[in-house]
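Asks: Residues per chain, in single letters:
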Amino acid sequence: MSWDTVIGLEIHVQLATKTKIFSGASTAYGAEPNTQACAIDLAMPGTLPVLNKQAVNYAIMFGLAVDAEIGQVSAFERKNYFYPDSPKGYQTTQLERPIVGRGNVEIQLADGSTKNVRIHHAHLEEDAGKSLHEGNFNSNFSGIDLNRAGTPLIEIVSEPDMCNAEEAVAFARKIHGIVTSLGICDGEMSQGSMRFDVNVSVKPSGSETLGIRTETKNLNSYKFMEEAIKREVERQIDVIEDGGTIAQETRLYNGDTKVARSMRSKEEANDYRYFPCPDLLPVVVSDEEVAELRRNLPELPDARQARFVEQYSLSDYDAAILSSDAAMAKYFEAVTSACNNAKLAANWTMGELSARLNNEDLSIANSPVSAAQLGGLVTRIADNSISGKMAKEVFDGIWAGEGSADEIIEARGLKQVSDSGALEQMVADVLTANQAMVDDYINTDEAKRKKKLGGFMGKIMQASKGQANPQQVNQILAQKLNELL
Amino acid sequence: MNIERQEIEKLATLARIAIDDSTISEVSQRLSSVLDLVDQLQAVDTEGVEAMSHPMQATQRLREDEVTEINQREAFQAIAPETEDGLFLVPKVIE
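Protein sequences, first through last, are from chains A and B. All residue numbers for the first sequence refer to the working numbering, where the first residue is 10 and numbers rise by one. All residue numbers for the second sequence refer to the working numbering, where the first residue is 728 and numbers rise by one.
Careful: at least some of the hints might be erroneous.
As the list claims (entries may be wrong) - One side of the interface only, derived from the structure: several residues of chain B facing chain A at Cβ under 7 Å:
1) R757
2) S780
3) H781
4) A785
5) T786
6) E796
7) N798
8) E811
9) L814
10) F815
11) K819
12) V820
Keep in mind that the hints were calculated from the coordinates and are not lab data. Predicted model, so just to flag it, every value in this text is computed and none were measured. Cβ atoms here follow ideal geometry from the backbone N, Cα and C, with glycine treated the same way.
With these hints in hand, go ahead and build the complete structure from the sequences.
Replies: Right, dumping it as structure tokens:
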């Protein structure tokens with residue numbers, strides 16, 4: 010039997026405000042525990058929340074970027090549950106009247122096709138603190154750090170419009186591109202700035218009736234998301250094909266062990282007894298304020314992609330990758346302006362640099378190789394000063410902090426020889442020294458001669474200590490051998 | 728409107744309130760009378776009346792996004808039952 014998969018996403022996006030959603034405490038990442046948790050965040054008696062204007066503006070900007078209706082009047086509710094990292098005993102969130110209504114996002118898939126994913130709504134809410142279960146404290150206790158409590162979030166809820174892990178990841182990446190381009194989120198997934206909850210169900214192919222769904226919570230990377238979806242789809246199909254039924258439940262995926270488990274019902278208590286928050290008045294946004302935000306929207310990934318194709322003559326594919334992430338787009342443009350060769354700048358940004366950053370788990374914002382440095386390297390590749398192979402060595406040098414491309418080329422004597430007189434002499438010397446090879450070449454059938462060229466190339470590159478320009482050597486070699494025939 | 732004993736117990740658990748056996752029937756009666764009032768309200772014809780999310784005729788004032796709070800961890804932790812290393816300690820929340 011074949012099965013269809015139905016996937017919906019809930020994405021928590023931490024807004025890049027300086028302060029909390031309801032208090033003037035800092036949201037800076039990495040501070041000492043509980044040094045950024047004020048009386049309001051700690052839910053001290055007598056405190057009152059006051060809404061952060063920037064958080065409201067950021068939420069509206071997101072809504073505008075996905076063509077959503079903006080709620081002119083929105084309101085906050087209390088979602089009641091007890092957990093130690095939520096000192097109030099409830100989360101202040103939006104239920105009935107979210108600030109961002111229905112919208113649309115277009116995703117691009119690997120085969121070049123596009124697909125529309127509908128946004129159900131996006132609402133403002135506060136983040137919880139963090140519970141630590143291991144640390145420098147009595148092991149009968151959990152440690153609570155409330156610095157994150159009250160950090161503004163938007164929760165973006167999609168319709169169940171995705172039908173495999175690839176589409177879900179493409180959607181997540183698209184949202185990442187949009188929020189980082191807007192500058193409303195720093196996009197640092199390793200710091201929890203974006204977290205994904207994935208709703209998955211399966212149904213017999215073509216069936217109109219949706220299956221029972223499970224929710225896998227708190228995935229913080231595309232890789233974990235993809236793994237968790239694939240495993241959950243397999244699990245559900247196995248359960249149904251074995252005659253069982255899927256329980257509607259919340260699951261937690263452990264990226265290290267690749268295993269998801271059902272949350273205990275105690276953790277789940279799915280009875281939040283929402284009610285309007287009496288501490289907060291309705292939030293009213295005027296048409297003028299929305300229009301002003303719309304006028305000042307920065308360039309979004311789709312527009313940037315079109316511009317990259319137009320301005321830099323990049324392929325759609327390259328342009329899509331480079332424009333999808335705001336930081337990468339900015340980096341690419343800086344490399345290009347430093348070297349004036351967009352195609353090479355694109356190749357090096359998407360290739361060597363991205364691969365290395367991925368390997369070392371670094372974001373492009375923290376790249377050890379600056380855009381100016383990569384531009385310097387690309388300049389030397391473009392003007393044939395160094396070969397592709399040398400370029401990799403120089404790149405390693407820049408990565409290791411040895412200086413600019415030119416400094417490393419100088420220090421390591423990596424200059425590529427492109428002087429045609431010198432190269433001709435080098436080729437001639439190698440031919441003279443290897444008469445037997447030359448005779449062999451001449452006596453070989455014409456159709457098979459091409460294969461013999463590699464041997465000469467090896468000798469010449471060896472003689473030049475790898476510094477001869479290979480394209481030029483190729484030309485000169487073919488020409489000289491022809492003359493001998 | 729009658730509330731089952733089980734319902735009271737569930738609400739008490741969700742609200743982390745201890746209700747001892749002897750008071751359950753009293754609590755049940757009191758909550759029932761609240762629900763009766765809600766029933767009465769729901770009987771009112773509200774056709775065409777916009778839902779109200781707050782009784783005050785006012786809108787939320789917004790704050791500028793500027794840090795106004797200072798670190799007062801010491802003061803806050805002085806009144807906490809258990810702290811260590813800057814963390815608030817609570818009974819272990821996972822197994």
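Asks: Please flag the earlier hints that this structure goes against, numbers listed from lowest up.
Replies: Structure breaks hint 1 only.
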